[in-house]
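Novice: Listed below are the residues making up each chain.
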Amino acid sequence: MLEIKNLHASINGKEILKGLSLSVKPGEIHAIMGPNGSGKSTLSSVITGNPAFEVTQGSVVFEGKDLQEMAPEERANEGIFLSFQYPVEIPGVSMVNFMRTAINEQRKYRELPPISATDFLRIMREKKALVEMDNKLTNRSVNEGFSGGEKKRNEIFQMAMLEPKLAILDETDSGLDIDALRIVAHGVNKLKSPENATIVITHYQRLLEYIIPDYVHVLHDGRIVKSGGKELALELEARGYDWIKQEVAV
Amino acid sequence: MEKQYIDLYKTHHSLIKQHAAPVMNESRDASFALFEKLGFPTTKLENYKYTDLKEVLSLDYGLNVRRLDFPVDPYQAFKCDVPGIQSYLYFVVNDAFYPEYNEQNAELPKEVIVCSLKEAAEKYPDLVAKYYGRLSTQKQDGLVAFNGAFAQDGFFMYVPKNVQLDRPVQLVNIMRADVDFMANAHNLIILEEGAKAQLLVCDHTVDDVRFVSNRVTEVFVAENATYEHYKLENTHIKTTNLSTLLIEQQASSNVLGNVITLHNGLTRNSIEIALNGENCETELCGMVIADKKQQVDNFTSVLHNMPNCHSNELFKYVLDDVSKGAFTGSLYVAKDAQKTRAYQTNRNILLNRTAKMRTKPQLEIYADDVKCSHGATIGQLDEQAMFYMRTRGIPYEEARLLLMFAFTADVIDNIRIPALADRMKMLVEKRLRGELSKCEGCTICQ
Ligand SMILES: Nc1ncnc2c1ncn2[C@@H]1O[C@H](COP(=O)(O)OP(=O)(O)OP(=O)(O)O)[C@@H](O)[C@H]1O
Ligand SMILES: [Mg+2]
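Residue numbers (this note's numbering), protein chains in the order written: chain Y, 1 to 250; chain L, 1 to 446.
Don't take every hint at face value.
[Said to hold, decoys possible] These stretches of chain L come out as covered by chain Y in the derived footprint (C-beta under 8 angstroms, 3 or more residues): (1) 390 to 398; (2) 403 to 414.
[Unchecked claim] Below, computed lysine-lysine pairings styled on DSBU-like, alpha-carbon distance capped at 30 angstroms: (3) LYS425/L / LYS108/Y; (4) LYS161/L / LYS110/L; (5) LYS108/Y / LYS430/L.
If you are wondering where the hints come from, they were derived from the structure by calculation, not from laboratory data.
For every residue, glycine included, the Cβ atom is placed at its ideal position computed from N, Cα and C.
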């Protein structure tokens, strides 16, 4: 589904990703862990096409299509979704208008007519229930004045609305209280299917107790330096990253 | 540049006077003398330094001094009825008022007068004489003086004590001529104690020639009266709109001004609101959406002459291509105007590097117990918000549009006529999409 080979990417001339490779197949859950500043969010930005980053080498292919040729919106409409580590506030753009526009753009891309008002409201209601999101939040501007946890929940709500094939959750667990974490994880699991895949970026084993990964990767200094099964996350939680850094240095 | 007009006046002043209301003639020679002295404003003047009028004013324009009829039936040609907004509808073609009968207008309360200034001056000479020129003749401004010398007619509205109009009065200014043309008009609006009126002024052009309109509007808002002034400019790139709006507020009155420029060539709005009584409320807003070679200069001044008044200003510009915007927020707080609260915000988005914005707060505060603030920003669309929206599948152009629309939303929120606000949202969205935002059913705007 997603094939990343020898990816090098930089921002403002500074290289952040230094030869990263990753392969994700339908139905899989991959966890990416790694110290602060190792390039996890950069990887999610590059997959989703953030124009601030420049790919200098390597390739990213999604379902046989070269992503580098595609605008962020095309990637989204092909089925890639990013739950932002830091969701952006957009004052003056209402959640409802935002969501309707996004849904209709996706439908347009698939050559479907715009969604009817009743269908839209019904889906909104269903997905809000799924992530137990307050009605008040969807009546406001996108993320404006939302608390940290509310923003994260809103990301999963949007994911539920858009039903992506590949979801990247960038530290969706940070800032969530225990109950919210459970709700969000439940939401993610509900949306799982053999056809779609998830990349979970996290610092904590806790989330991975709810969303059980098939693979765990350690990102360090712009490269995946270690991969393993879900037990690797436990080991990282217990031992930190130093031992891996040392292994790499050797 | 001024010479042709000075010669014209010297040769034809009796003709000008002959076709004008007598009350307007009383100060005419004095206005002319002032214009001779001041000339047209140049960029050397502090208040005009952002907008150069030389180029447009040095061209030749026809003036209809003899006030011949123009072959147009505005009621036929023009259906800018802002659907859903029930209004009392009037037209001014160039500077001529169209008093034709129309069903809606027949419902205007009998005690309210809406007519041409000339007619008002003939029928109600005392009323008109009491107010005409009281604000405008005080101005040391070449454009206002020019208007005083050449304007022969205009729009007149009088709302007597405690009469509250149930729906807006809509005034559609249409510029119509076969040759490059200039119109000068003087509007006079009087609201007595406790009166209430909403005026929606729409500026339109019909022909593909160059137009200059130089309008002066004097508004008197008496105690406890409420006045709302909406202005929508939707003309063509060859139009120069020079507009001076002078408002005087008495105690406990409430005024809203909302000036919106969608399409025009060169716009200069000089707006001055004098708070001459205590406990006045003043809200002054504006929005500019400009592209190509459009130039829009909003020069505003709010004069807090009395204590306990509150004023709030909000102006927003979205500038594209090589358009130029300017905003001046002049605020004066007199020594005794304690407990003044005066706020001012100007926010601007430049869509590219060639568009230009000049913004200037100009504060003169002589009282010590006041709350005043001002803020101005010039920026681009938020890159992060753009990317966020695009990751949700919203294309670049659409995301841009949503952000621009969001940016202008609070100016539209300041429209107190719901049907007009809805209509304005639609017009603004169309404008931002680059479509012609001509009014539905309108056959004459270009
Ligand atoms: N705009 C930028 N200009 C310069 N350097 C940047 C910029 N954005 C990110 N970086 C750098 O790139 C590196 C990787 O950042 P990234 O956000 O991908 O890390 P991360 O692994 O997600 O970290 P965290 O766990 O803290 O979220 C960091 O050293 C960061 O400082
Ligand atoms: Mg990160």
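Novice: Any hints this thing doesn't respect? Which numbers, in order?
Specialist: none
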